[in-house]
Structure formats: structure tokens, C-alpha cells
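Participant: Sequence:
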Amino acid sequence: MLSKRKVPKLWITLMALMALALVVSACAAPAAPAADSGEMAADAGDEMMEEQHFRATIPFFVQDWSPLRGGGWNVHYLAFWIAGPMYIDEHGELHAYVFNEWKPNEDMTQWTFKIDPDAVYSDGSSITAQDVVATWNLIAHPATTHQRVTLFLTGIVGFEDVFNGEAMEMPGVVALDDSTVQVTLEGPDPLFHKKLATNLIGPVKASVAIGEDGFEVAEWWHPKNNPVTSGPYMPDEMDLNRGVVTFVKNPNFWVAEPMLDRFTVTSIEDTTIVTTMLANNELDQGWPPNDATSQALLGADYLECAEAPGIGGFFLNPTIEPTNDINFRKALILAVDREQVFNLSSPDGSGWVPSGEPLRALPGSDPDFVPHPFDPEAAQEAMAASGYADVSDVPKMIMAGVSNPSLEVLAQYMAEQWRQILGIEAIEMSPQFDSWEGPGAPALFRDGAGVRVPDAALMVLGSLHSSSNLARNIMGGYHDPEVDALIEEAVTKGADDPERIELARQAQRLFHEQYMVIPIGTGCGGSARGGAMPWVHGTRRNADAQFIEPWKIYIEHME
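Residue numbers are given in numbering that gives the first Met the number 0: position 214 of the sequence shown equals residue 213, and the series is strictly consecutive.
If you are wondering where the hints come from, they were derived from the structure by calculation, not from laboratory data.
With a cut-off of at most 20 angstroms between alpha-carbon atoms, the simulated PhoX-like pairs for lysine-lysine come out as follows:
1) 113 / 193
2) 248 / 223
3) 113 / 102
4) 102 / 193
5) 193 / 492
Label pairs and their in silico Cβ distance ranges:
6) 377 / 427: 24 to 30 angstroms
7) 206 / 498: 42 to 48 angstroms
8) 224 / 422: 51 to 57 angstroms
9) 513 / 424: 22 to 28 angstroms
10) 235 / 280: 19 to 25 angstroms
11) 493 / 213: 34 to 40 angstroms
12) 498 / 163: 28 to 34 angstroms
13) 268 / 236: 17 to 23 angstroms
14) 255 / 299: 31 to 37 angstroms
15) 94 / 166: 30 to 36 angstroms
16) 166 / 384: 40 to 46 angstroms
17) 175 / 251: 21 to 27 angstroms
18) 513 / 251: 47 to 53 angstroms
19) 439 / 141: 18 to 24 angstroms
Even glycine gets a Cβ: it sits at the ideal position worked out from N, Cα and C.
Please put together the full structure from these sequences, using the hints given.
Facilitator: Next up, the structure:
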């Protein structure tokens with residue numbers, strides 16, 4: 000067995016403080032595939048005599064740990080305690096999980112799914128088709144505030160009515176019997192089954208989580224309420240005020256016996272402290288900034304980035320003033336040097352690409368895609384052509400999602416560019432992320448979108464289509480009928496049909512011409528080991544920000 004490397008605490012702290020004064024922390028992107036195979040040596044079980052306690056951290060205090068939100072920092076650990084219908088590995092391959100069989104009809108408008116007869120909850124009761132139906136109806140309803148449900152259930156007959164709060168159930172999802180779920184779609188979708196391969200829509204036990212009124216039971220997931228879960232671990236203790244949440248092994252997990260005895264997630268807002276604790280063996284996994292401090296203490300291998308598809312940046316809201324004016328949006332974008340944004344978001348240049356192409360790093364990436372240039376003169380011309388030629392007419396703009404120091408640096412840089420080049424002064428920055436609670440509405444919102452399945456049509460469906468969370472919430476209700484029509488046609492084409500890619504590219508080009516996003520470095524999927532230290536094994540992750548098989552994670556203890 001390898002031993003954990005011991006480092007004097009005082010030296011680490013001094014190094015952290017010295018390095019912190021020299022650099023600006025880099026922005027972390029959505030999670031990506033990890034390199035660790037997760038295979039355990041045959042005799043490892045005999046040697047792991049100490050308790051297997053996995054210690055993780057998130058940079059925010061979270062009061063809501065419901066697995067039905069589909070977002071937030073705690074979603075990174077959802078796979079530990081919620082089993083999805085299926086899952087996709089780091090290579091994009093599909094695996095059975097709660098569902099062990101799936102079959103479409105001839106025209107791909109109806110899919111039938113079978114539940115594994117061994118699939119049970121933590122209380123030993125069977126996971127049923129009725130639970131799946133109830134869960135999906137619940138997360139489709141706006142009252143549940145699931146942040147990414149449109150990525151998975153859009154296209155099901157009745158989804159829009161439930162999503163808009165006009166109905167409680169989707170007629171397109173029915174339980175044929177206790178173990179069979181049938182889904183009817185508005186149109187053909189050859190890859191619908193792969194869209195379901197995520198822990199973000201894993202079934203919950205309806206009798207525990209859903210009230211008689213059809214809505215979610217408050218805090219059913221809290222240990223004080225004896226929750227029932229489906230993944231390899233289950234909630235044990237939650238001190239939400241201190242930000243400490245602990246899960247223990249699920250004795251009834253049907254796939255395999257989990258290797259960890261417990262795992263704890265602690266909220267630590269100071270990322271410098273996180274870096275120091277990781278280096279000092281006081282944490283096993285976390286999200287430190289990719290800066291000189293972390294590189295000095297954790298090593299370049301820890302921070303190695305894996306390429307991941309998707310787009311991230313500050314998205315503009317075309318439904319409110321002043322960003323409803325395309326010339327004003329053009330002025331904002333052309334006044335920002337994307338190379339400088341790239342340098343600020345990735346000071347060492349590793350793993351980041353200054354691109355605004357949604358199809359980046361996917362089959363179908365457009366070789367002719369040209370990002371918007373940095374052109375101060377053209378920015379001023381666009382400003383003069385807008386309805387805000389008199390800069391005093393520009394209303395205050397809110398920039399939301401400025402949720403950590405590195406993003407604040409980027410936002411401050413852009414605001415200064417707009418002040419110097421365009422004369423814009425009234426800008427307010429807010430740390431709110433994932434969703435907006437007001438007051439007012441943001442003109443720009445920092446967020447991003449990726450795709451679990453390496454498919455161009457699904458990427459634009461989940462980011463540019465009006466049904467996506469990015470369009471509905473982050474871009475304030477962005478809706479372009481031509482873009483929608485191209486995407487809706489694309490998803491009906493076969494997975495190997497070249498027209499599927501071409502239609503997705505056309506949608507991307509139309510979106511790009513509308514000046515809707517200021518991209519920041521995209522393409523880095525975070526630590527290749529899922530933010531885990533070298534003594535932790537099995538931390539493979541996919542593009543859904545989920546640990547692929549968390550029941551295989553184990554810790555190599557000190558001798």
C-alpha cells in the first residue's frame with residue numbers, strides 16, 4: 000500500500016498565503032470524465048482495515064439537499080445516494096441501472112423501459128414503475144424547481160402542460176405494471192433513452208417524498224424524517240447551519256456492496272483553506288481554484304483538465320432593456336477582449352479554450368466557426384446604432400452568477416472595458432447562480448451548458464432551444480422560432496444521419512449571429528480525478544458532473 004504524503008501544516012499555510020498574493024484564481028468548468036479506472040486490486044479488501052471515510056467539500060452553505068432540484072453545488076454528490084434510470088460512463092457508453100431493458104417502437108415515438116427486479120430502496124422495498132412516473136411528474140412541475148428537467152423530459156406528451164403548471168401529470172408517462180414504464184413522445188427521438196441516463200431524474204419513493212396533493216413533502220430527505228433513498232449511500236446526519244452533511248452505506252444497495260463506510264460533505268467557502276486542507280490530508284476531495292497556490296501544493300497532475308463539451312460564459316437576456324437591443328448586445332460583446340478573458344480565467348493556459356461554440360469538443364463541431372472578435376471601434380459603431388447612442392439612457396445592468404473571486408475578476412474586467420470603450424457606468428454584480436430570485440432581472444447571467452451524450456443535436460437542444468433551462472431562465476426566455484425548428488428537426492434524425500449534425504450547426508450559427516453570450520474559457524472539465532486526491536480511487540466522472548460508479552470508490556489508508 001502507498002502511504003499518504005505528509006506535509007508540515009505551517010509550511011503549507013505559509014505557501015498558500017504567499018502564492019495567493021501573486022495570482023487570481025481560475026474559474027472551474029462543469030465536471031468531465033476522470034482518468035482513474037476505479038478497479039481495485041484483488042487483495043485491497045483485506046488491507047483496508049480502517050474506516051473508509053470519504054471527506055469532501057463544497058464552497059457554499061446549502062440548506063436544501065433535495066435530490067429533486069437538478070442543480071446547485073451539492074448535485075455533484077447526487078450519484079452517491081440516488082440511482083438514475085441508467086448511467087453513461089466517461090466514454091459515453093450507456094449502462095443499465097434502475098432500468099435494465101429499454102426498447103422503442105418502430106417510429107421511435109414510444110419507448111418501453113423495464114425496472115431491474117433486484118432494484119430496491121434503502122428500506123428494502125422495490126423501486127416501482129409507479130415511483131418513476133410520480134417522480135417525473137413531480138420534477139416536471141415548476142413548484143419543484145428542478146433546474147435541468149428540460150434536458151431530459153422535453154418532448155414527452157404532456158410535459159409542457161406540467162412544466163407550465165397547467166397540469167399535474169403527463170399522459171405520456173404511464174406505468175403498465177409495477178416494473179414497466181411506457182413513454183410516449185410528441186415526435187420521433189432515436190436517442191431519447193440516452194437522455195434519461197442521469198441521476199438527476201432518479202426515482203424517489205412516492206409514498207415518502209410526495210404528498211397527497213402531488214407536491215414534494217418538505218425536507219423528506221433530511222435524516223430526522225427517516226428518508227428512503229436508492230443509491231449506494233443514504234443520509235445519516237445533517238447539520239445545515241454548520242454545513243456538515245454525512246451519508247452512510249446503504250445496506251440494501253442491489254448493484255454491489257459500497258466500499259466506503261461513509262462520506263461527509265463540508266461547506267468551506269474559502270478556497271484557499273480548501274487547498275491547504277487537501278494538501279495536508281484533511282480532505283479527500285474538493286474544488287480548489289486552478290491557481291499558483293493549488294499548483295504548488297497539489298501538483299499539476301491534480302489540476303490536469305480533461306476536455307469536455309459545452310459552452311460557458313455570461314449570457315445576455317434579450318427580453319429586457321437594454322440587452323433586448325441586438326446592436327447594444329453586439330457593442331457589449333465586441334468591447335470585450337476574449338483572449339484577455341481567457342487569460343484571466345486560466346492563468347496557466349491549461350485546459351481552457353477561448354471559444355463561444357456550443358458544439359465545441361463534439362462530433363459536429365464546426366471547423367468554420369469564427370468567434371466574435373475584440374473590436375472597440377466596431378463596438379462603438381454598434382452602440383451608436385443602438386437605441387442607447389446617448390449612454391445616459393442605459394439603465395442599470397445586473398450581472399448575475401458572479402459567485403466566486405475568479406468570476407468577480409472577470410466581471411470587473413468586462414465592466415471596466417464597457418466603461419472605457421462605451422461609457423457605461425451603471426453595473427451591479429450579484430452572486431446568485433443557477434436561478435434568479437430578484438429583485439429585478441439580470442441583463443447578463445454567468446452559467447453554462449454541457450451534454451452527457453456526445454451528440455450535437457442534444458447539445459443544442461439543452462442549450463439553445465427555447466425549452467432549455469439556459470434559454471428559459473438564464474437568457475430570460477430566449478425564443479427563436481427558426482432555431483427551435485432546426486433543433487426539433489435535428490433530434491428526429493438517426494444518430495448516424497449527417498443531417499442531424501448539419502441542422503445542429505445551422506442552429507448554432509443563427510444563435511451566434513444574435514450576439515447572445517460573452518464566452519469565458521470553455522473545454523476544461525475540471526480535475527481529471529474529479530477533484531480527488533491520489534489516495535482516493537474510483538472517482539471516475541462523466542460530463543453530467545456525476546461520479547459514475549460511486550460504490551467503487553475507496554481510500555488507500557496510511558500504513
